[in-house]
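**Student:** This is what each chain is made of:
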Amino acid sequence: MKQVHEVHFITELFGKYDGSSLQSYLEAGGFKPLQQLLAGGSEKILKEIDESGLQGRGGAAYPTGRKLRQFLSEKAPRKFVVCNADEGEPGTFKDRELLRRNIYQVIEGMIITAVCTQAGEGIIYVREEYTNIHDHIEQAIESCYQHNYLGKNILGSGFSFELRLFSGAGSYVCGEGFAMCESMEGKSGRPRTKPPYVKQAGFLNLPTLVINTETLSAIVSIIRHGAHEFRKYGTAESPGTKLISVSGKVERPGVYEIPFGLTINEIVNGLAGGMKNGKKGNFVQIGGASGGILPARLWDTKYTYEDFSRAGMSVGSGAIVVADTETKLLDYLKVVQDFFNHESCGKCTPCREGNRQLRIIFDKIAAGTATAEDFYRMEIVLDVMGSTSLCGSGKTEVVPFNTAIKYFPEEFAVFAEFEKRAVI
Amino acid sequence: MKTVMLTIEKKVTLTIDGKKVTVPEGTTVLEAAKTAGIHIPTLCYLEDINKVGACRICTVEVNNRLQAACILPAEEGMVVKTNTSRVRQLRKHILALILANHDSNCPTCIRNNNCELQTLANELNLREEIFEREYARHVDDMSPSVVRDDSKCINCGRCVSICNEVQTVGVLGFVHRSDRTKVAPVYDKSLAELSCINCGQCIVNCPVGALREKDNTDLVWEALADKSKYVIVQTAPAVRAALGEEFGLPIGTGVTGKMVAALRRLGFDKVFDTNFAADVTIMEEGTELLGRIQSGGVLPLITSCSPGWIKFCEHKYPELIPNLSSCKSPQNMMGALLKSHYAKMNGLDPKDIFVVSVMPCTAKKFEVQREELEVDGIRDVDVSITTRELAQMIKEARIDFLRLEDEHFDEYYGESTGAAVIFGATGGVMEAAIRTVADILTGQEIEEVNYEFVRGMEGVKEARIKINEDITLNVAVVHGGANITALLDKVKNGETDYHFIEVMACPGGCVNGGGQPIVPDKIKMEINVPVERAKALYRADSAVKRRKSHQNPMVKKLYEDFLGEPNSELAHKLLHTTYVNRQ
Amino acid sequence: MSKELELLTDQVCAGYGYDPVNLLPILQEIQQRSEGNYISEEAARIIARKLNITESRVYDVVTYFSALSAVPRGDVIVQICNSTTCSICDNRELVTWFEDELGVKVGETTPDNKFTLIYTHCIGACDIAPAVRINHDVYGGLTREKVRELVASYRAKEAVK
Numbered sequence: 001m002k003q004v005h006e007v008h009f010i011t012e013l014f015g016k017y018d019g020s021s022l023q024s025y026l027e028a029g030g031f032k033p034l035q036q037l038l039a040g041g042s043e044k045i046l047k048e049i050d051e052s053g054l055q056g057r058g059g060a061a062y063p064t065g066r067k068l069r070q071f072l073s074e075k076a077p078r079k080f081v082v083c084n085a086d087e088g089e090p091g092t093f094k095d096r097e098l099l100r101r102n103i104y105q106v107i108e109g110m111i112i113t114a115v116c117t118q119a120g121e122g123i124i125y126v127r128e129e130y131t132n133i134h135d136h137i138e139q140a141i142e143s144c145y146q147h148n149y150l151g152k153n154i155l156g157s158g159f160s161f162e163l164r165l166f167s168g169a170g171s172y173v174c175g176e177g178f179a180m181c182e183s184m185e186g187k188s189g190r191p192r193t194k195p196p197y198v199k200q201a202g203f204l205n206l207p208t209l210v211i212n213t214e215t216l217s218a219i220v221s222i223i224r225h226g227a228h229e230f231r232k233y234g235t236a237e238s239p240g241t242k243l244i245s246v247s248g249k250v251e252r253p254g255v256y257e258i259p260f261g262l263t264i265n266e267i268v269n270g271l272a273g274g275m276k277n278g279k280k281g282n283f284v285q286i287g288g289a290s291g292g293i294l295p296a297r298l299w300d301t302k303y304t305y306e307d308f309s310r311a312g313m314s315v316g317s318g319a320i321v322v323a324d325t326e327t328k329l330l331d332y333l334k335v336v337q338d339f340f341n342h343e344s345c346g347k348c349t350p351c352r353e354g355n356r357q358l359r360i361i362f363d364k365i366a367a368g369t370a371t372a373e374d375f376y377r378m379e380i381v382l383d384v385m386g387s388t389s390l391c392g393s394g395k396t397e398v399v400p401f402n403t404a405i406k407y408f409p410e411e412f413a414v415f416a417e418f419e420k421r422a423v424i
Numbered sequence: 001m002k003t004v005m006l007t008i009e010k011k012v013t014l015t016i017d018g019k020k021v022t023v024p025e026g027t028t029v030l031e032a033a034k035t036a037g038i039h040i041p042t043l044c045y046l047e048d049i050n051k052v053g054a055c056r057i058c059t060v061e062v063n064n065r066l067q068a069a070c071i072l073p074a075e076e077g078m079v080v081k082t083n084t085s086r087v088r089q090l091r092k093h094i095l096a097l098i099l100a101n102h103d104s105n106c107p108t109c110i111r112n113n114n115c116e117l118q119t120l121a122n123e124l125n126l127r128e129e130i131f132e133r134e135y136a137r138h139v140d141d142m143s144p145s146v147v148r149d150d151s152k153c154i155n156c157g158r159c160v161s162i163c164n165e166v167q168t169v170g171v172l173g174f175v176h177r178s179d180r181t182k183v184a185p186v187y188d189k190s191l192a193e194l195s196c197i198n199c200g201q202c203i204v205n206c207p208v209g210a211l212r213e214k215d216n217t218d219l220v221w222e223a224l225a226d227k228s229k230y231v232i233v234q235t236a237p238a239v240r241a242a243l244g245e246e247f248g249l250p251i252g253t254g255v256t257g258k259m260v261a262a263l264r265r266l267g268f269d270k271v272f273d274t275n276f277a278a279d280v281t282i283m284e285e286g287t288e289l290l291g292r293i294q295s296g297g298v299l300p301l302i303t304s305c306s307p308g309w310i311k312f313c314e315h316k317y318p319e320l321i322p323n324l325s326s327c328k329s330p331q332n333m334m335g336a337l338l339k340s341h342y343a344k345m346n347g348l349d350p351k352d353i354f355v356v357s358v359m360p361c362t363a364k365k366f367e368v369q370r371e372e373l374e375v376d377g378i379r380d381v382d383v384s385i386t387t388r389e390l391a392q393m394i395k396e397a398r399i400d401f402l403r404l405e406d407e408h409f410d411e412y413y414g415e416s417t418g419a420a421v422i423f424g425a426t427g428g429v430m431e432a433a434i435r436t437v438a439d440i441l442t443g444q445e446i447e448e449v450n451y452e453f454v455r456g457m458e459g460v461k462e463a464r465i466k467i468n469e470d471i472t473l474n475v476a477v478v479h480g481g482a483n484i485t486a487l488l489d490k491v492k493n494g495e496t497d498y499h500f501i502e503v504m505a506c507p508g509g510c511v512n513g514g515g516q517p518i519v520p521d522k523i524k525m526e527i528n529v530p531v532e533r534a535k536a537l538y539r540a541d542s543a544v545k546r547r548k549s550h551q552n553p554m555v556k557k558l559y560e561d562f563l564g565e566p567n568s569e570l571a572h573k574l575l576h577t578t579y580v581n582r583q
Numbered sequence: 001m002s003k004e005l006e007l008l009t010d011q012v013c014a015g016y017g018y019d020p021v022n023l024l025p026i027l028q029e030i031q032q033r034s035e036g037n038y039i040s041e042e043a044a045r046i047i048a049r050k051l052n053i054t055e056s057r058v059y060d061v062v063t064y065f066s067a068l069s070a071v072p073r074g075d076v077i078v079q080i081c082n083s084t085t086c087s088i089c090d091n092r093e094l095v096t097w098f099e100d101e102l103g104v105k106v107g108e109t110t111p112d113n114k115f116t117l118i119y120t121h122c123i124g125a126c127d128i129a130p131a132v133r134i135n136h137d138v139y140g141g142l143t144r145e146k147v148r149e150l151v152a153s154y155r156a157k158e159a160v161k
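Chains as they are written, first to last, in the numbering used here: chain A, 1 to 424; chain B, 1 to 583; chain C, 1 to 161.
A hint or two may mislead.
[Unchecked claim] Subject to a maximum C-alpha distance of 30 Å in a straight line, what follows is the list of computed DSSO-like cross-link-like pairs (lysine-lysine):
hint: 1; chain 1: C; residue 1: Lys-50; chain 2: A; residue 2: Lys-187
hint: 2; chain 1: B; residue 1: Lys-492; chain 2: C; residue 2: Lys-50
hint: 3; chain 1: B; residue 1: Lys-11; chain 2: A; residue 2: Lys-75
hint: 4; chain 1: B; residue 1: Lys-182; chain 2: A; residue 2: Lys-395
hint: 5; chain 1: B; residue 1: Lys-10; chain 2: A; residue 2: Lys-75
hint: 6; chain 1: C; residue 1: Lys-146; chain 2: A; residue 2: Lys-276
hint: 7; chain 1: A; residue 1: Lys-395; chain 2: B; residue 2: Lys-34
hint: 8; chain 1: A; residue 1: Lys-395; chain 2: B; residue 2: Lys-522
hint: 9; chain 1: A; residue 1: Lys-194; chain 2: B; residue 2: Lys-51
hint: 10; chain 1: B; residue 1: Lys-492; chain 2: A; residue 2: Lys-194
hint: 11; chain 1: B; residue 1: Lys-19; chain 2: A; residue 2: Lys-194
hint: 12; chain 1: A; residue 1: Lys-395; chain 2: B; residue 2: Lys-81
hint: 13; chain 1: C; residue 1: Lys-3; chain 2: B; residue 2: Lys-492
hint: 14; chain 1: A; residue 1: Lys-187; chain 2: B; residue 2: Lys-34
hint: 15; chain 1: C; residue 1: Lys-105; chain 2: B; residue 2: Lys-182
hint: 16; chain 1: C; residue 1: Lys-50; chain 2: B; residue 2: Lys-182
hint: 17; chain 1: B; residue 1: Lys-522; chain 2: A; residue 2: Lys-194
hint: 18; chain 1: B; residue 1: Lys-19; chain 2: A; residue 2: Lys-199
hint: 19; chain 1: B; residue 1: Lys-189; chain 2: C; residue 2: Lys-50
hint: 20; chain 1: B; residue 1: Lys-189; chain 2: C; residue 2: Lys-105
In short, the hints are calculated from the structure, not lab data.
Can you make the complete structure from the sequences, with help from the hints?
**Tutor:** Following this line, the structure appears as structure tokens:
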């Protein structure tokens with residue numbers, strides 16, 4: 001296998017400056033992209049983002065340039081940009097690193113996005129689980145206010161932008177735009193119905209742009225180096241680099257920035273130092289709890305939007321959870337199901353009742369009492385959930401189960417086995 | 001003040017099941033399909049109230065994607081398919097998922113044969129239980145009015161919207177998440193311990209049997225069987241406008257005569273009309289109003305007929321308690337009079353009289369238990385049952401309701417005017433009061449008695465009524481918790497100059513009370529139920545000769561023979577009450 | 001008690017302009033400053049009144065979010081991650097260590113009301129799995145001995161309080 005290295009495009013400043021001092025961020029070249037914007041106007045910047053081919057890193061992979069332009073066309077006296085740092089997909093911790101090690105770049109990305117889309121207010125929505133870095137973020141915001149990178153008339157540009165931190169209170173679904181807005185309004189995080197969309201009527205029913213922490217960081221790096229530099233990485237359909245969180249049974253778990261196009265093998269056995277204790281790889285789960293399960297025999301699959309799409313999964317949150325053969329697939333799926341059964345908001349029938357039924361079925365599997373009938377039920381539940389759930393969370397929850405059934409049909413033969421045993 | 005927008009309504013044309021449909025922009029696919037004669041199934045949907053897209057039973061294919069029709073705006077060129085095999089399959093499976101979390105013991109359920117879930121399972125041809133059943137088993141029956149049965153709840157959220165958005169009571173809500181999600185009262189308390197106003201609007205909007213009234217029919221049967229008891233029944237005005245629905249008659253059919261006949265068959269010793277007491281209420285409350293105006297008393301005077309409203313006021317607006325009329329509700333005036341005047345007149349011991357009231361209302365069950373509502377240790381009313389419970393008793397007694405010949409209420413306490421019967425519709429008490437007060441103030445018999453401006457379903461109705469050159473009465477009529485909250489916040493802040501306000505807790509007034517027959521949402525989408533029921537009352541009003549309370553000859557006689565005059569000492573003892581600050 | 005709660009609630013709500021939009025931070029702050037580390041029914045009633053919202057909304061939010069509680073808990077919340085990575089990395093040992101050290105099972109609170117031991121879903125510390133969160137701090141790579149020391153240090157902190 002060829003030697004693989006991580007790249008440092010978005011993470012360029014990791015370790016290059018003291019992550020908590022604005023002064024050292026400036027010395028490392030920070031806020032130059034903002035200066036560029038203020039000098040050259042937003043159209044140039046939007047064009048650069050268009051050309052970079054950057055896609056939203058929150059999971060939906062919508063072209064960022066198009067998203068910003070659509071939001072720009074929303075006219076209202078108050079508009080909000082919300083940085084989605086509610087990183088809740090299990091196995092994901094790359095936003096944590098962006099917030100910890102380069103918070104100023106995230107803030108700069110917020111300001112640039114706000115200027116480009118003419119939004120006057122911003123919120124960094126940080127998950128409650130990251131309370132231990134809230135102070136760090138708030139201090140950075142405070143420093144930016146002190147030096148007029150935030151507040152009224154930023155650097156004499158005539159543009160004003162107010163930014164604050166909002167802490168979640170522990171809910172996975174709040175990573176979804178509407179649920180996030182609901183929680184910021186002091187309500188439970190149950191998604192609203194669309195239309196209208198978040199960009200039209202989000203927080204306080206005002207136009208709201210929810211944008212991922214990594215996307216914001218990438219915007220700054222793209223402006224700093226130009227779209228062409230970004231496009232030197234990756235493939236035609238998946239341009240640029242991506243932050244991934246590798247965890248599980250590998251020697252070196254952690255956050256890596258990779259060019260799109262590496263294979264899972266290169267990531268697991270190259271970057272992450274190989275399987276822990278030399279054990280045999282079993283499967284990876286890609287992109288969080290709602291991500292696909294990919295068996296070790298397919299680890300030469302390339303990490304790109306297009307290759308994953310062909311395999312019935314998606315890049316998602318950038319998580320890669322690696323399991324060796326000591327982890328039994330059905331046990332793992334029970335953990336995944338348990339997660340959803342804890343986190344589903346409970347509003348719509350397919351997701352609420354579907355999770356109830358899946359829990360019953362996985363409990364039976366664990367107890368050794370599942371039958372072929374239960375497998376039939378599971379397939380119906382997955383079909384209903386995947387096709388009729390109210391929000392994306394319910395719809396994508398079925399991916400791990402469907403991919404597991406697709407790639408590990410033999411694991412599900414147990415249902416038939418149990419049936420036989422019951423007959424005897 | 002209504003602002004009329006003069007804009008040209010944009011139209012969109014879409015195709016539903018191969019049929020072109022043109023509807024105004026903003027119409028949902030569900031509504032558009034209705035105009036094309038297609039009833040897309042719904043369960044959580046409640047027109048204008050609960051449009052949350054939660055149950056997903058209204059799933060349709062739109063441009064080959066699956067969407068919930070109840071929340072999807074129709075768009076130009078949309079191609080909607082509501083009846084593909086895929087859609088039918090998914091609907092069945094969604095329904096099966098709901099059923100697995102529901103106690104489907106239909107035959108013993110209060111809503112058997114009037115259950116939207118049962119109807120759907122039947123219509124969608126679901127013939128097997130696909131999933132394992134798992135449902136909660138908690139029942140809260142501590143409230144005197146409303147019983148909640150978690151085992152039947154399907155988490156549709158209709159009651160939550162009603163309780164919070166429509167009634168602004170806010171005791172029911174969703175709690176927890178995922179499969180632990182449930183509808184529950186605050187901190188899982190009993191409704192009896194909370195600021196529930198017992199209005200029962202949650203009951204009449206529940207698609208299944210998760211909410212029902214506290215069944216008191218056994219107490220009535222018991223009393224009827226007790227030879228030592230003299231059992232009198234009284235019926236509220238709105239009951240006659242809806243009871244027929246329980247026996248298949250069209251919504252808005254008045255059934256006074258058959259109702260009276262049925263009550264006699266059930267064995268009541270006397271069948272009286274709460275309308276009599278409604279006329280008395282006008283005498284008492286009208287006098288109270290004039291007194292307050294003339295002596296500089298607390299204004300606006302606010303009506304006190306609606307026990308849901310009274311509890312709402314005691315919890316949320318205790319500062320307005322002095323504004324409440326001290327008059328008991330007609331139900332309790334009736335009870336108090338029956339156990340004093342009627343008892344005396346007929347040589348009966350009040351202790352032997354058992355008064356049953358048939359009400360369109362669940363809050364009346366709470367009201368009859370209020371400590372303040374007794375005279376010399378004797379309860380005004382012993383048991384209150386709803387229109388639905390009466391229908392149940394008639395069915396249980398195997399009485400062929402539709403074949404009954406019309407009969408009349410018994411004498412004296414069965415006598416009433418047109419003013420009384422309209423009490424059952426929003427604006428009715430106000431209209432009745434104006435008819436009498438205007439005559440008293442002018443000293444004339446004013447011929448025109450139809451005060452149209454207080455009628456109808458608008459949330460807040462206001463009027464300045466010029467009685468003569470010197471006197472103008474400023475009045476308001478309000479119904480439904482959200483409207484009440486909006487108006488009373490203004491009253492509280494002194495932003496209004498009303499003399500008199502009629503308040504009814506239920507939207508539409510008593511005709512739409514929590515004790516009335518339950519109409520499935522599918523029919524509510526077609527028919528404005530409170531409007532139709534109110535029509536039956538206004539018809540009854542215009543059909544009689546005496547349309548003003550003070551013209552009721554028996555009421556006159558009651559004052560001459562017994563009470564003296566309105567607001568007399570005896571009237572106060574029997575017919576007036578006090579309230580409690582519950583905040 | 002009631003008066004103190006009224007005072008605390010008013011103080012916190014005032015800090016947020018009595019605006020119900022801020023219900024989440026208001027609840028988090030009141031919870032943190034309340035005995036029992038939870039939002040009591042009484043507190044919910046007062047909050048609803050101060051913010052002019054329904055009690056059902058307060059109860060809904062308190063039961064919906066993991067970081068809020070409607071029942072009393074220990075001052076120190078020990079949350080053992082039970083999500084995908086931590087389960088692969090065998091968090092069962094970690095559970096036993098904490099159960100032994102605290103003398104309670106997962107889901108329980110110590111008799112002195114100091115510690116509550118519960119499972120949590122992913123806390124974003126998968127690189128140090130199996131991970132545990134104690135109040136706001138996150139720990140990984142633990143051993144039997146380290147767990148003992150950790151619990152002892154939190155006990156000492158609580159004793160000072």
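**Student:** Take a quick look at whether B:Lys-522 and A:Lys-194 sit within 30 Å of each other, Cα to Cα.
**Tutor:** holds, 24 Å
**Student:** Decide if the proposed pair is consistent with the structure: B:Lys-11 and A:Lys-75, CA atoms, cutoff 30 Å inclusive.
**Tutor:** Measuring from Cα to Cα gives roughly 24 Å; hence the hint holds.
**Student:** Is the Cα-Cα distance between B:Lys-19 and A:Lys-194 30 Å or less?
**Tutor:** holds, 25 Å
**Student:** Is the Cα-Cα distance between B:Lys-189 and C:Lys-50 30 Å or less?
**Tutor:** holds, 21 Å
**Student:** Are the Cα positions of C:Lys-50 and B:Lys-182 separated by 30 Å at most?
**Tutor:** At roughly 26 Å apart (the allowed maximum being 30 Å), B:Lys-182 and C:Lys-50 satisfy the hint.
**Student:** Is the Cα-Cα distance between B:Lys-10 and A:Lys-75 30 Å or less?
**Tutor:** Holds: B:Lys-10 and A:Lys-75 sit about 22 Å apart, inside 30 Å.
**Student:** What's the verdict on A:Lys-187 and B:Lys-34, does the C-alpha distance respect the 30 Å limit or exceed it?
**Tutor:** violated, 34 Å
**Student:** Under the criterion that the straight-line Cα-Cα distance not exceed 30 Å, is the pair C:Lys-105, B:Lys-182 satisfied?
**Tutor:** Judged against 30 Å, a Cα distance of about 27 Å means the pair holds.
**Student:** Check whether the Cα positions of C:Lys-3 and B:Lys-492 lie no farther apart than 30 Å.
**Tutor:** holds, 26 Å
**Student:** Holds or violated: C:Lys-146 and A:Lys-276, Cα atoms, limit 30 Å.
**Tutor:** Holds, at about 23 Å.
**Student:** Verify the proposed pairing of B:Lys-492 with C:Lys-50, using a straight-line Cα cut of 30 Å.
**Tutor:** Roughly 17 Å between the alpha carbons, so the hint for B:Lys-492 and C:Lys-50 holds.
**Student:** For the pair supplied as a hint, C:Lys-50 and A:Lys-187, is the alpha-carbon distance within the 30 Å limit?
**Tutor:** This hinted pair holds, its Cα atoms lying about 16 Å apart.
Of the numbered hints given earlier, the model fails hints 10, 14 and 18; all others are met.
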